[in-house]
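Number of protein chains: 2
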Amino acid sequence: MPVDSASALQWLSDHSRETARFYSTLELLAWDQRTMLAPAGHDWRGEQMAALMGLVQCRQQDPARGERLDLLEAADDLSAEEAAAVFHWRREYDRAVKVPPELTRAKVIATTKAEMVWQQARPANAWQMLEPLLEEVVRLKKEEAACLAAPDQLPYDVLLDEFEPGETAARLDPLFDELAAGLRPILDAILGSSRRLCERPLAGAYPVPAQQQLNRAVCEALGFSFESGRLDVSAHPFSCAPGPRDHRITTRHCESNFLESLYGVLHEAGHSLYMIGLPEAHWGTPLGSYISLGVHESQSRLWENMVGRSLGFCRWLAPLAKETLPGLNGLTPEKLWRSVNVVAPSLIRTEADEVTYCLHVILRFRLETALMDGRLEVRDLPEAWDAGMEELLGIRPDCPANGVMQDMHWPAGAIGYFPTYALGTIYAAQFYAAAMADLGGERAMDARMAAGEFSPLLSWLQERVHRHGMRYMPRDLVRQATDQELSPRFLLEHLTRRHHDVHGI
Amino acid sequence: MPVDSASALQWLSDHSRETARFYSTLELLAWDQRTMLAPAGHDWRGEQMAALMGLVQCRQQDPARGERLDLLEAADDLSAEEAAAVFHWRREYDRAVKVPPELTRAKVIATTKAEMVWQQARPANAWQMLEPLLEEVVRLKKEEAACLAAPDQLPYDVLLDEFEPGETAARLDPLFDELAAGLRPILDAILGSSRRLCERPLAGAYPVPAQQQLNRAVCEALGFSFESGRLDVSAHPFSCAPGPRDHRITTRHCESNFLESLYGVLHEAGHSLYMIGLPEAHWGTPLGSYISLGVHESQSRLWENMVGRSLGFCRWLAPLAKETLPGLNGLTPEKLWRSVNVVAPSLIRTEADEVTYCLHVILRFRLETALMDGRLEVRDLPEAWDAGMEELLGIRPDCPANGVMQDMHWPAGAIGYFPTYALGTIYAAQFYAAAMADLGGERAMDARMAAGEFSPLLSWLQERVHRHGMRYMPRDLVRQATDQELSPRFLLEHLTRRHHDVHGI
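Chains G and H are the protein sequences, given in the same order.
If you count by this note's numbering, then the first sequence holds residues 1 to 505, one letter each, in order.
If you count by this note's numbering, then the second sequence holds residues 1 to 505, one letter each, in order.
Think of the hints as simulated: they come from the structure by calculation, not from any bench.
Please note: incorrect hints may appear among the correct ones.
[Said to hold, decoys possible] DEER-style ranges, computed between Cβ atoms:
1) E280/H - D77/G: 55 to 63 Å
2) H500/H - A205/G: 34 to 42 Å
3) W11/H - E18/G: 26 to 34 Å
4) D380/H - D77/G: 57 to 65 Å
5) A205/G - E255/H: 23 to 31 Å
6) L103/H - E18/G: 13 to 21 Å
[As the list claims (entries may be wrong)] Computed footprint of chain H on chain G; a stretch qualifies when at least three of its residues, placed anywhere within it, have a C-beta under 8 Å from a C-beta of chain H:
7) 91-105
8) 143-149
9) 225-238
10) 379-393
C-beta atoms are modelled at their ideal positions from N, C-alpha and C, and glycine is treated no differently.
Just chain G, same shape as in the assembly:
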């Protein structure tokens, strides 16, 4: 056992980095499963992932880590960075020692199966196929929460804290209530506007290879390099980093709508730019890791929405799109801009507009808190989903594929994860407002976008957000980067301003 802080820190860093070699391999297995693996390969893949996950957990709960953490928590010579690293190593260690390996293994197997069945059940509208597998996933998540709960901690908060350190349902409720209340008048004004577009324009026939070419060009312009990255196709778009210089994003293509894929790519590229901006020297340790899924999502939504749906960005994108895709001859930047800012309550979250998006998330937040505290059973989910959609968005799903089965997240075991989507949107608006203020205001920013100059914004984000890794908790990071307490008002102001311009409200 080391007796000084420096050697204990070094030991923990080395140990974390070795664990990261295995964990990043697990990420590659998951990437391959979703992009490359042939159907008959899924059973064995589940076994491979369970075995590797078991190994990672075994390393994470190594008692030698606990001993070093005890020593470091009693030390008085740690820098603020080192103390932050110790704090997050402790969180990870406690999570690892409190969940038995058999439960982790059962969870990996159950979620691998549920994800695979979801891929078949969704197109077949076969909720009955998915229900028993999702029940098993929820049962295992409850078991997990019971293992991890501090005294008086609610099961849902246990799961939420894993994704968004420090958050609770009780803290989110007023934030989300304020947001929902603020969105209502904006949505009503748009729906009543005479300028409102009621259907998706720019429908056409866009060959997949041309879409891919456009998507790649946009990624590169933002700062995503194919020297250290890939762009592939999967049923549900995602991003991952199976190595510090190995950034992979995915999309899906619809031949009649190139915007779905393109804005999905903007979103995933935003995630990747965050990962690229983490300090490589700390890769595999807390100071080289993302702080929360909410902050992760803030980066994706910032590039997708704040940047991607601005008039300036459309001025840059329109000529590039015309050059790459046949059939866009009459496209003007303004037409493109209106097309990507259509607002209409719709069934699918991933296709939702900026205004209604958070309402989808609030629905899931309410359903999963109810699932976790026993107010709702899995078998009653489809009905509760449809009722919630009606209440929040005023529409009902036509089928389970467009309702309760639209997302892979619950089958994949990601419960307590959805609120990070709305939180990330709130963070994104607050970051973007601060960046605009620092970079000369809205008009200057718009001119930069129109010229394809994305690097000043990226540098601001790298400086204020990315490079800190897990140094600050999410709300502290937001406060420090923006000089303001976290508030949904930046998002509400942004939406009011944008849809004033687009829809004349």
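Please build the complex by placing chain H on the supplied structure of chain G, with the hints as guidance.
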């Protein structure tokens, strides 16, 4: 510790299967490295592979395995199958305990780097870039052989035995001498024939997507299913199985020559059909593994050459190729057949014809035996290569890319591996002769090929070869499957017969 054989065997099987979960993950990392990984990702990939290899080796040298093997070797109640499994577990265990983990780690890092540099050095003709890395690989292989050698065992034989259990350079020398001596008159006769084609016919422009479509159709006809497999592109074609139902083959495309890719795919599909035919219940244990690289190669060369270059197969293939590839209007089966049976001494082994192929391999066998016993230094390899080519094939490489740098094998650390290519060719001819005799003779076999009926041959191979896993040593497997001792005469007879038909010799 168990006291009875049954529980010791069960323990070893379970342990092997868990190791296979990690080892097959390593295979996926390697597949991804060669087909998907972005250039900047290679350093971390090397670290991931080294970490996982270290884990696998640690499991392989688990003393608990040694204890069970001691017990089983003293037992008198083992079936012949069980005894074969114990024999191969012992070989693997001894190899694992005798090589220190640091050496394994150094080897993985060195070969990963050398492979990566090879990928750049070959197109740049930059032998100087590769030389120091190859020197390091050879140095580490000598170190490895020294760790593993039995008393009086030559370093080369130590390496060879890993790939071809039971073989030695001393046993191979007469076999290869007989083969080389027999090939000479066949080659001379062809080179003197008036019917001889001197250049590759069927040159044209074949778009890659159409080639891919043809390749996939051929794979499926042979019995390779895309429900449990993939076909991708890599610089050097290979096959692998990162799971019992996850068979992956690769090819490279030349737009002016679809035959290069197609016959490469036939070759790799042959490898995969062997893996598919191994008993799945024993996957991850000796009875579910391939016995040797020579037997593996026999399956690839059987489908590529015995089947693929027969007139019957060309009768089936020609209309399919015409349907898929533009610009093949005038193609007849006979023309195709002559095209795939051109014989000419050439520089690149993987493009060599059936007659000269083994001469390429014999060159490498001679060079690597000399490297390993110190008669040759890495820096002298290019010159020795060129001299050997002149002696055996009568031609000299125009540049290192077409000479000593054409193969990835040595940079990848595969020394002692090349002879299995010639051995496999010898086995293939002997298997095919026996299969023809059992299935009605040459004419009946040719008619089946022309009708696209490949399953009787595949079933014969599954029954006589595939399903046995490691039950029999290679020469025993050949004897049992064909009722004959191993001999190059079946190959020489096959070549004489075929080139009598093609070239009128």
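Confirm or reject the claim that W11/H and E18/G have a C-beta distance inside 26 to 34 Å.
28 Å, holds
Between D380/H and D77/G, does the beta-carbon spacing fit 57 to 65 Å?
Since the Cβ atoms of D380/H and D77/G sit about 58 Å apart, the hinted range of 57 to 65 Å holds.
Residues of the region 379-393 of chain G with Cβ under 8 Å from chain H, three needed, outcome:
violated (count 0)
Report holds or violated for chain H covering the region 91-105 of chain G, Cβ cut-off 8 Å, minimum 3 residues.
Since three or more residues must qualify, the claim that chain H covers the region 91-105 of chain G is violated, with 0 doing so at under 8 Å.
Between E280/H and D77/G, is the Cβ distance one that fits in 55 to 63 Å?
58 Å, holds
Chain H covers the region 225-238 of chain G, three or more CB atoms within 8 Å, holds or violated:
holds (count 6)
Within 8 Å of chain H's CB atoms, at least three CB atoms from the region 143-149 of chain G: coverage verdict
It is violated, with 0 qualifying residues against the three required.
CB-CB spacing for E18/G and L103/H relative to the 13 to 21 Å hint:
About 19 Å separates the Cβ atoms of L103/H and E18/G, which means 13 to 21 Å holds.
A205/G and H500/H - C-beta distance against the hinted 34 to 42 Å:
The hint (34 to 42 Å, Cβ to Cβ) is violated, given that H500/H and A205/G are roughly 56 Å apart.
That 23 to 31 Å hint for A205/G and E255/H (C-beta), does it hold up?
Since A205/G and E255/H have Cβ atoms about 28 Å apart, the given range 23 to 31 Å holds.
The structure fails hints 2, 7, 8 and 10 (numbered hints given earlier, in ascending order).
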